[in-house]
Amino acid sequence: MKGYNEAFQDIPGTVVFDATQSRLGYHLNQFCMSLMKADNRAAFKAGERAYLERWPMTEEQRQAVLDRDYNRMIALGGNIYFLAKIGATDGFSFQNLASKMTGVPEDEYKAMMVAGGRPIEGNRSKTGKAK
Amino acid sequence: MATIVGSVMTSHVPSIGNAIAKHRENDPYWKPFFDGYPPVRAWLDRVKPDVAVVFYQDHGLNFFLDKMPTFAVGAAPEYRNADEGWGIPTVKPVKGDPALSWHIIESLVADEFDITMCQEMKVDHALTLPLALMWPGGGDWPVRVVPITMNHVQHPLPSPKRSYRLGESVGRAIASWKEDVRVLVMGTGGLSHQLDGQRAGFINKPFDLMCMDALVDDPKKLTRYSALDLVREAGAQGTELMAWMAARAALPGRVTKVHSHYHVPISNTAGGLLALQNDGAALARAA
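Residue numbers (this note's numbering), protein chains in the order written: chain A, 1 to 131; chain B, 1001 to 1287.
Where hints are given, some of them may not hold.
Said to hold, decoys possible - With beta-carbon atoms standing in for the labels, derived distance ranges: (1) B:1138 / A:47: 45 to 55 Å; (2) B:1025 / A:120: 44 to 54 Å; (3) B:1214 / A:37: 34 to 44 Å.
Stated by the list, open to error - No farther apart than 27 Å at their CA atoms in a straight line, the calculated lysine-lysine pairs in the DSSO-like style are these: (4) A:129 / B:1221; (5) A:37 / B:1095; (6) B:1220 / A:129.
Stated by the list, open to error - Computed footprint of chain A on chain B, listed as stretches where at least three residues anywhere in the stretch have a Cβ under 8 Å from a Cβ of chain A: (7) 1085-1091; (8) 1143-1157; (9) 1256-1270.
Hints are computed from structural coordinates only; laboratory data are not their basis. Every residue gets a Cβ at the ideal spot worked out from N, C-alpha and C, and that includes glycine.
Sequences and hints are given; from them, build the entire structure.
Structure, rendered in structure tokens:
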């Protein structure tokens, strides 16, 4: 099958969670899944670096988690459904994570959503060629 | 014989669970969303389904990247919710209907859908919150469920066309079930939303409203879209529209719209609700 990943390149600001991303991020996402258990959330909060050492992640991935750099985690194979468990462990909502990923204060992000969300114009297609 | 009473499609975002747990249904932020539901609850009280067959995606509670079926059908006597790691309270277990589940599985495989069969299955917010929206109050669930999951975590996703055909096949399976049960078909997720990256917050109201209209009168029209098209038009997680398409496809003949509702935002998402009565079933009852 030709160009599955390429086909998504035209969509602005979006990393589609395909085979490339999933292979990169397998252990990062496994770590996130461990946070579904309260004991693991407590262990992670008690010593983040040591907890992250339990998973065979790259050092870059560990640092992105420690920095709570969600765009970096996504670039390194994180899937938002799983990454959100880090945010929840920190006590943050999806909207807070979205404000971090889009680089705007949370109240500004929330106001954008209340006003109808991120506009279609300029956000569908990078080339403008999509039908 | 079993009767399909109709379909209900609804959004399912986790924050709805928090709003319910904290009794925020009448807060100014949440009221315009929750106000959509009473007419559908009233209709459900009238048609009294015994079983809900629910199309949805599991977000990592039951299936993870180690094993990710494109389509899976639950055949358990009971389904439990569990801690999903984002703070929403778990709900009471839901009873299954294993005999109907196995009939659907056998029918689907005979129809060349190579689904995964699950005699143990946890159900996440995408199944439990829609039930809580339809039957609020935290009491015992008045329906048994047959969960049917669709992969929307890991690309490649199934196509909208394949998802629609799955729904058609499930509809035929239910129609051929020997037991005299009333079945509601649900599809959960969507509508337009993107949770990740710099495009987070993307909403496409014209596209959502077009889809909600098409689902009533011309649902096959939506099968011309690819998964890529849905990512572009409805956001990276807006592909969950396919669960709505499958639920609609289970109704073979004419339908009557019972109610529809659309509100932006619920958290990052466009909240949609659509209830359709199966006219064939209504005629059968009148006869």
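Query - Earlier hints that do not hold, by number - result: Numbers 1, 2, in rising order.
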